[in-house]
Amino acid sequence: MKYFYLIFSALKRKKLRTGLTLLSITVAFVLFGYLAAIRQAFNAGVEVAGADRLIVRHKVSIIQPLPQSYEAKIERIEGVSNAAHASWFGGIYREPKNFFAQMPVVPEDFFDMFPEYVLGDAQKAAWLATRDGAIAGRGLAQRFGWKVGDRIPINATIWTKKDGGRTWEFDLVGIYDGRDKGTDTSQFFFRYDYFDETRARGQGQVGWYTVRVGDPEHAAAIARSIDREFANSPVETKTEPEGAFVQGFANQVGNIAFIIMSIMSAVFFTLLLVTGNTMAYAVRERTGELAVLKAIGFTDRSILALVLGESLVLAFVGGTLGLALAWILVAVGDPTNGSFPVFYLPVPELLLGFVLIAAMAFLAGIVPALQAQRLQIADALRR
Amino acid sequence: MTEWNGSEHLVRIGGVDKVFKRGAEEIHVLGGLDLEIPAGEFLALMGPSGSGKSTLLNLIGGLDRPSEGTVEVAGKQIDRLSRRELAGWRARHIGLVFQFYNLIPVLNAQKNVELPLLLTRLSRAERRRRAAIALDIVGLSNRARHYPRQMSGGEQQRTGIARAIVTDPTLLLCDEPTGDLDRKSGDEVLDLLQALNEEQGKTIIMVTHDIHAAARAGRTLYLNKGRLSTEPVD
Chain A
1 MKYFYLIFSA
11 LKRKKLRTGL
21 TLLSITVAFV
31 LFGYLAAIRQ
41 AFNAGVEVAG
51 ADRLIVRHKV
61 SIIQPLPQSY
71 EAKIERIEGV
81 SNAAHASWFG
91 GIYREPKNFF
101 AQMPVVPEDF
111 FDMFPEYVLG
121 DAQKAAWLAT
131 RDGAIAGRGL
141 AQRFGWKVGD
151 RIPINATIWT
161 KKDGGRTWEF
171 DLVGIYDGRD
181 KGTDTSQFFF
191 RYDYFDETRA
201 RGQGQVGWYT
211 VRVGDPEHAA
221 AIARSIDREF
231 ANSPVETKTE
241 PEGAFVQGFA
251 NQVGNIAFII
261 MSIMSAVFFT
271 LLLVTGNTMA
281 YAVRERTGEL
291 AVLKAIGFTD
301 RSILALVLGE
311 SLVLAFVGGT
321 LGLALAWILV
331 AVGDPTNGSF
341 PVFYLPVPEL
351 LLGFVLIAAM
361 AFLAGIVPAL
371 QAQRLQIADA
381 LRR
Chain B
384 MTEWNGSEHL
394 VRIGGVDKVF
404 KRGAEEIHVL
414 GGLDLEIPAG
424 EFLALMGPSG
434 SGKSTLLNLI
444 GGLDRPSEGT
454 VEVAGKQIDR
464 LSRRELAGWR
474 ARHIGLVFQF
484 YNLIPVLNAQ
494 KNVELPLLLT
504 RLSRAERRRR
514 AAIALDIVGL
524 SNRARHYPRQ
534 MSGGEQQRTG
544 IARAIVTDPT
554 LLLCDEPTGD
564 LDRKSGDEVL
574 DLLQALNEEQ
584 GKTIIMVTHD
594 IHAAARAGRT
604 LYLNKGRLST
614 EPVD
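From first to last, the protein sequence lines stand for chains A and B.
The opening residue of the first sequence carries number 1 in the working numbering; numbering runs sequentially from there.
The opening residue of the second sequence carries number 384 in the working numbering; numbering runs sequentially from there.
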């Protein structure tokens, strides 16, 4: 602790250089935090996906429907606890930019299958009692300022009504919350029976099934059993873990994790060069002073610690500031104005940020610190 | 290794050679040098540039190692100590005064003087108290909060002396302490060194080019081509 003022004094020596280096570190960690939140947004479904849940979809493509009659067959397969279906509605609320997922589901099956969606009993009862009732996630409701009792018009892009109309109107009877922070609250669910009776075509068909298995250890075998059940039928299936399904869905945009990792690698490599350069100059300029410290009795190890300490303080101040700013920016709201299912900076990513700060401080400081440690006093004083 | 009992010579140098290597070339700076310095002496070392004065000072101060021979200071053969042991030994026994002061520019006089005390277990308050005493001894109590750039050369050198004496070292090594000062400031520094020697019994070895400065010492030795003599060499 008593050496701290030596470290701070050294950093104050070239205020502009220290300031610019701090700024680079801060910007890099703002970027890190913000991109971590975006990656989290894309991975949200993957992380909350149940290990005991499988997704059954058409073997050819997710956009090919499955018969509703499969539900009973799937539930009869050994190891399957229950199944729930959903379909992609793909409607537009007012403007195309207001994207969010809308899906017709069977409310009882839905809540049995997805306990992470939390809805009060009264609102649940209201939904069961209202054929054109719908529920929205808390995030979605906040995005558009909806409240229970509102009438929500959705313009269909796929599913026209029997009367030829494209506008589907729903009574908002409930707003669900997420059980966990990572739960998607940007979705809109309405009743399948209303959807199936009202749509002009496709009756008796669903988009996919979510299947709960009794023992996750046997999930792979059960998935094979389900696909075997429908093999050689007109509608063959592909069954996979829910996490893999959601990841595949997210990857339609691109391999977000890889893109973000590539950006961050480039940023941190550049940052390492900037900080390493600052430290190298800082030590080279002070060769004489470091020699004097050694001459008056500072050991090689304490000189190494002083230089590494400078690097650590520089990285820690800049990095912490960057992470704090990222936290604030993320808290302000997501850049898509609500299209992300979740948008927050997870604590493990923050901890990773601090690990990166420490790693960067060490890597940037170690070479100049070793040079300072090896300094020969008599040689350095002669320079 | 026995601790020095104070009855013998403080510094004993026996058969010291110092060879510097510059590429394939070997430069013999000191050759077979013997020297004994009693405690409490104020010794001036003179000689032309490149004669090895500063090298000898560095060997006595444990800043460098001899190529051959032994260096014993205060009963300790320091050429056998490891780098770590040598650092600790320097902190306890040696006070260094440099020609160009070598103060840390971003620290004020008080903090500069406190630097060697950081290596002790003294409390912050005690470190401050001792630094204040050292600054008082060199007559700079009123400049404690000033940074080196705010002080004259003479004041900076006196701060350097305060830093050298703040740990009450066994031996004070001064490398051209007046070399960068005008006559008046140089005299003030020499007065101070003389007082430290005469009033506090400090053993001082001073390298200088200046006859006027050497005249303040109790004994003057001349170094030429790596060899010591009591008479100046033409």
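Please note: incorrect hints may appear among the correct ones.
Computed list of chain B residues with no C-beta within reach of chain A, every gap over 10 Å [said to hold, decoys possible]: (1) ILE410; (2) LEU418; (3) ASN441; (4) LYS459.
Interface residues of chain A toward chain B, partial, derived using beta-carbon atoms under 8 Å [unchecked claim]: (5) ILE7; (6) ALA10; (7) LYS73; (8) GLU289; (9) ILE296; (10) PHE298.
What the hints contain is simulated information worked out from the structure, not anything from laboratory work.
Glycine residues also receive a C-beta, built at the ideal position from the N, C-alpha and C atoms.
Here is what the structure says about each hint:
With a least beta-carbon separation of about 13 Å from chain A, B:ILE410 lies farther than 10 Å from that chain, consistent with its non-interface assignment. The Cβ of B:LEU418 lies farther than 10 Å from every Cβ of chain A, with a closest approach of about 18 Å, so its non-interface assignment holds. At roughly 5 Å from the closest C-beta of chain A, the C-beta of B:ASN441 falls inside 10 Å, breaking its exclusion from the interface. Here B:LYS459 stays apart from chain A, with its beta-carbon at least about 15 Å from theirs, past the 10 Å limit.
With its C-beta approaching chain B no nearer than about 11 Å, A:ILE7 sits outside the 8 Å limit, and its interface hint is violated. Of the supplied interface hints, the one on A:ALA10 holds, with its beta-carbon coming within about 7 Å of a beta-carbon of chain B, less than 8 Å. Hint status for A:LYS73 relative to chain B: violated, with the closest Cβ pair at about 78 Å, above 8 Å. The beta carbon of A:GLU289 comes within 6 Å of a beta carbon in chain B, closer than 8 Å, and the hint placing it at the interface holds.
Taken as an interface hint, A:ILE296 checks out: its beta carbon lies about 5 Å from the nearest beta carbon of chain B, inside 8 Å. A hinted interface residue such as A:PHE298 counts as satisfied when its beta carbon comes closer than 8 Å to some beta carbon of chain B; here the least separation is about 7 Å, so the hint holds.
Going down the numbered hints, you'll see the structure goes against 3, 5, 7, while the others check out.
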